[in-house]
Amino acid sequence: AQTVTQSQPEMSVQEAETVTLSCTYDTSENNYYLFWYKQPPSRQMILVIRQEAYKQQNATENRFSVNFQKAAKSFSLKISDSQLGDTAMYFCAITGTASKLTFGTGTRLQVTL
Amino acid sequence: GAGVSQSPRYKVAKRGQDVALRCDPISGHVSLFWYQQALGQGPEFLTYFQNEAQLDKSGLPSDRFFAERPEGSVSTLKIQRTQQEDSAVYLCASSQTTGRSSYNSPLHFGNGTRLTVT
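If you're matching them up, the sequences are chains B and W in order.
Each residue of the first sequence is one higher than the one before, counting from 320 in the working numbering.
Each residue of the second sequence is one higher than the one before, counting from 217 in the working numbering.
So here's chain W without its partners, still in its complex pose (with noise of 0.2 Å):
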């Protein structure tokens, strides 16, 4: 497709319940990150992938939390167990080049995932 797609748009899950978001990058862009967008807050880095390697894993805010990027292409998101403060818009984004080259290619957003947790 011409943009980054995330998957699915909206998600409603029980406190507990374990949910999985995808994200499809634009075909060929080789870093792929993923935000964490609280209401009313800027975007919070959670994770970042190079190809299939998984770089940057620090702003996972638990164990919980898990991504995935296995033939580097598509990533996946996984909450388990989810609680009410994972309630929050989950932002990927893909650009096509490495580390601070980054700037010359910008990054694409996808338009996120809604997750709500009641």
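This is chain B alone, in the form it adopts within the complex (with noise of 0.2 Å):
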């Protein structure tokens, strides 16, 4: 089985400010895959960044990055430079054999001017 935990259920960042989500994660598979989805009102899942378990060097998508700790089972995510259209919740998630995503409970994040 695998669990997520986002332990932040809101954040509040100012306009051009970084600001970082939390994520914690427990599986017993080996290889794997984390993902962080951001859901606006509309309510569809985008997809904001992805990493491979076996990958040390931790990914990057623009003003989106992570820091992947894979013996502490971290995945936070960095946003930097934020800007208003980033205001949404934010799930981190988790795959692995099987194809299934397993989402934590979110973090409702809130950019103000």
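There may be inaccurate statements among the hints.
As the list claims (entries may be wrong) - Have a look at the derived ranges for each label pair, beta carbon to beta carbon:
id	chain 1	residue 1	chain 2	residue 2	range
1	W	S223	B	Q376	35 to 43 Å
2	B	R382	W	T313	27 to 35 Å
3	B	D400	W	T313	31 to 39 Å
4	B	P359	W	P224	16 to 24 Å
5	W	R297	B	A335	50 to 58 Å
Stated by the list, open to error - Sample of chain W residues with no beta-carbon within 12 Å of chain B, all distances over it, derived:
id	residue
6	R238
7	S289
8	K294
Stated by the list, open to error - Once the Cα atoms are required to be at most 25 Å apart in a straight line, the calculated SDA-like pairs of lysine to any residue come out as:
id	chain 1	residue 1	chain 2	residue 2
9	W	K227	W	F282
10	W	K294	W	D279
11	W	K273	B	T416
12	W	K227	B	Q363
13	W	K227	B	M408
Read the hints as simulated data drawn from the structure, not as lab findings.
Glycine included, C-beta positions come from ideal geometry on N, C-alpha and C.
With the hints as a guide, bring both chains together as one complex.
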């Protein structure tokens, strides 16, 4: 079984500032993949960034980057130069040999002026 | 269409009614998933299809839930004798490939159907 824990129900950041969202996970599998998804009010889940567990290098996608600590089973998301459009729910997720994703409970991010 | 389409967008059902939720995946996508998202929670896996074959239905919460994808494209999630605890957003997602290779062909989600059981 796989579990994902997001301990920050809500976060707030000012526009242009940097914010880090936390995620820890547990899995018995050696090969797995980690994801961050964004869910705006439209409800559509949008992939933000992904990381292969066997790659030590942290993934980056423009303003989004991760800090993947495999031994600690930690996978945090850093958003740089926050924009108003980043306001949304953010979900951390994991998948292993099965195709299905296991999601955390989410962090609501509010970007303010 | 360009994305995953789900209908209806909103559904209100009286307790005990049957409902059917539709998902039109992206054309040519092999894999199709259904997730249930309760208010304030993350999505939870319900079932997975590879073409028309239902390979995993371990997440279906009871035998009142039934999903099908008879021709390997459109899928329907049916809930019989709805209960209040069935109130949630039901998300459908599709991807081009199967298994772990879905990492390289990420899931595309629809906008979901919000089901409210009164």
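Verification of the supplied hints:
1. Separated by about 42 Å at the C-beta atoms, W:S223 and B:Q376 satisfy the suggested range of 35 to 43 Å.
2. Between B:R382 and W:T313, the C-beta spacing of about 28 Å keeps the proposed range 27 to 35 Å intact.
3. The beta-carbon spacing between B:D400 and W:T313, approximately 33 Å, falls within the hinted interval of 31 to 39 Å.
4. Between B:P359 and W:P224, the C-beta spacing of about 20 Å keeps the proposed range 16 to 24 Å intact.
5. Here the CB-CB span from W:R297 to B:A335 is close to 52 Å, well matched to the stated 50 to 58 Å.
6. Against chain B, the non-interface label of W:R238 holds: every CB pair exceeds 12 Å, the least being about 16 Å.
7. Separation of W:S289 from chain B is adequate, the least Cβ-Cβ distance of about 18 Å exceeding the 12 Å criterion.
8. Against chain B, the non-interface label of W:K294 holds: every CB pair exceeds 12 Å, the least being about 20 Å.
9. Taken as a hint, the W:K227 and W:F282 pair is honoured in the structure, with Cα atoms around 17 Å apart against an allowance of 25 Å.
10. With a CA separation close to 11 Å, the supplied pair W:K294 and W:D279 stays within the 25 Å bound.
11. As the CA atoms of W:K273 and B:T416 are separated by approximately 16 Å, the hinted pair is consistent with the 25 Å bound.
12. Between W:K227 and B:Q363 the alpha-carbon distance is near 17 Å, which keeps this suggested pair within the 25 Å criterion.
13. For the given pair, W:K227 sits about 23 Å from B:M408 by alpha-carbon distance, which is consistent with the 25 Å threshold.
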